[in-house]
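Heads up: the protein sequence lines correspond to chains A and B, in order. Per this note's numbering, the first sequence starts with residue 1, numbered consecutively. Per this note's numbering, the second sequence starts with residue 1, numbered consecutively.
Worth double-checking, as some hints may not be accurate.
[Claimed, not checked] Heads up, incomplete: computed chain A residues facing chain B, CB under 10 Å, no partners named:
1) 6
2) 7
3) 12
4) 13
5) 18
6) 21
7) 22
8) 24
9) 27
10) 28
11) 66
12) 68
13) 74
14) 78
15) 105
[Unchecked claim] No more than 30 Å apart at the CA atoms, straight line, and that leaves these computed lysine-lysine pairs for DSSO-like:
16) A/21 / B/94
17) B/74 / B/194
18) B/194 / B/94
19) B/194 / B/126
20) A/21 / B/259
21) B/126 / B/94
Since the hints were made in silico from the structure, they are not lab data. Nothing here was measured: the structure is a model prediction, and the numbers come from that model. Just so it is clear, CB atoms sit at the ideal spot from N, CA and C, and this is done for glycine as well.
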Amino acid sequence: MARAVVSLPAQAKRGEIIEIKTMAAHAMETGFRRTQLGELIPRDIIRRFVCAYNGAEIFRVDLHPAVAANPLIAFTTVATESGTIAFQWVGDNGYAVTETTSIRVE
Amino acid sequence: MSVRFGARPCLALAAVACILLDFAAAGAAAEIPLAERRSGYDFMGRETRMMQDDDATNPGMLWVFDGEALWNRKAGSAGRACSDCHGDARASMKGVSARYPAFDAARGRPVNLEQRINACRTERQKAPPLAFESRDLLALTAYVARQSRGLPIDIAIDERTRPFLDAGRETFYRRQGQLNLACTLCHNDNWGAKLAGNPIPQAHPTGYPLYRLEWQGLGSLQRRLRNCFVGIRAEPYAYGAPEFVDLELYLMWRARGMKIETPAVRP
Chain A
1 MARAVVSLPA QAKRGEIIEI KTMAAHAMET GFRRTQLGEL IPRDIIRRFV CAYNGAEIFR
61 VDLHPAVAAN PLIAFTTVAT ESGTIAFQWV GDNGYAVTET TSIRVE
Chain B
1 MSVRFGARPC LALAAVACIL LDFAAAGAAA EIPLAERRSG YDFMGRETRM MQDDDATNPG
61 MLWVFDGEAL WNRKAGSAGR ACSDCHGDAR ASMKGVSARY PAFDAARGRP VNLEQRINAC
121 RTERQKAPPL AFESRDLLAL TAYVARQSRG LPIDIAIDER TRPFLDAGRE TFYRRQGQLN
181 LACTLCHNDN WGAKLAGNPI PQAHPTGYPL YRLEWQGLGS LQRRLRNCFV GIRAEPYAYG
241 APEFVDLELY LMWRARGMKI ETPAVRP
């Protein structure tokens, strides 16, 4: 099942600014809503998103209950060297998703 | 004095006649000319349009990818996947959603894409049907419909489907609900105006199943129709009800020639 989708250029020139777009499939249940019977729906959200470029953390987000479902996170970085870019989403109820892509820098 | 008294009822009668004539004319001529039809896409803000246009930011693609996995997964006691019969959906499903709802000879009436997928599941895969609005059915429908993106809606009306088209049109023009409103009053007569701050679109179902930001998820055309029914305080039909499929058929016919956008994004 597609739990996260990551998009970035497969190759870039050294020093070029590249845009990275990520989407994670998640309901982002706030914890403030109630069922029709009045019972509180427990919170179930992604808490943290981390992006690492060749092992070094380059971008991090803390997410909160007000963030919409299926959070779309887009950011930019400088293409410094070829290698891997790893993405990790961590959340409530043991939610953990990782994606890894490679980039070629010339 | 007597002249004035005599003239008043005449004026009133003339006014009533005018109003009646207006309504008669509105019923027949209110349809939007083909060249003036606009997708809901044109009523959206720039950011929402960009979100739809880029597969990397279109959240509907999460369902499409799920649908692709389901397409290739074996299901049911027949142990067959969709791909075992239909092969690569990119080729075999191209243009299919542009033709739905389509006439089903076995049932003797039009069925929509969700019902067609479920018929395949129960009859060919020997699997239980998927519930309407379930994630799996939406994902499969979105994946199949995605293969028609950019193709014009092509609803063929013949003697078999015409009665159902007429029934759908009748629903579209019929006043109903506690607010006593018909679909046509907003979507033919007042499109482009504002309702609670939001533009009223022309109700062309070009992008279903679509991701609605308000829903925070993907939904079918029937889910959207239920919203409108509740909005005019009419009791919505059940999912898959023949009345809803007839209305879907009419709406798709009304949008004939317009391009499929699935999975669309709407506010």
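How the hints compare with the structure:
no.: 1; hint: 6; verdict: 8 Å, holds
no.: 2; hint: 7; verdict: 3 Å, holds
no.: 3; hint: 12; verdict: 16 Å, violated
no.: 4; hint: 13; verdict: 21 Å, violated
no.: 5; hint: 18; verdict: 13 Å, violated
no.: 6; hint: 21; verdict: 4 Å, holds
no.: 7; hint: 22; verdict: 9 Å, holds
no.: 8; hint: 24; verdict: 8 Å, holds
no.: 9; hint: 27; verdict: 8 Å, holds
no.: 10; hint: 28; verdict: 8 Å, holds
no.: 11; hint: 66; verdict: 12 Å, violated
no.: 12; hint: 68; verdict: 6 Å, holds
no.: 13; hint: 74; verdict: 7 Å, holds
no.: 14; hint: 78; verdict: 20 Å, violated
no.: 15; hint: 105; verdict: 20 Å, violated
no.: 16; hint: A/21 / B/94; verdict: 28 Å, holds
no.: 17; hint: B/74 / B/194; verdict: 47 Å, violated
no.: 18; hint: B/194 / B/94; verdict: 36 Å, violated
no.: 19; hint: B/194 / B/126; verdict: 48 Å, violated
no.: 20; hint: A/21 / B/259; verdict: 27 Å, holds
no.: 21; hint: B/126 / B/94; verdict: 25 Å, holds
Violated hints, in rising order: 3, 4, 5, 11, 14, 15, 17, 18 and 19; the structure is consistent with all others.
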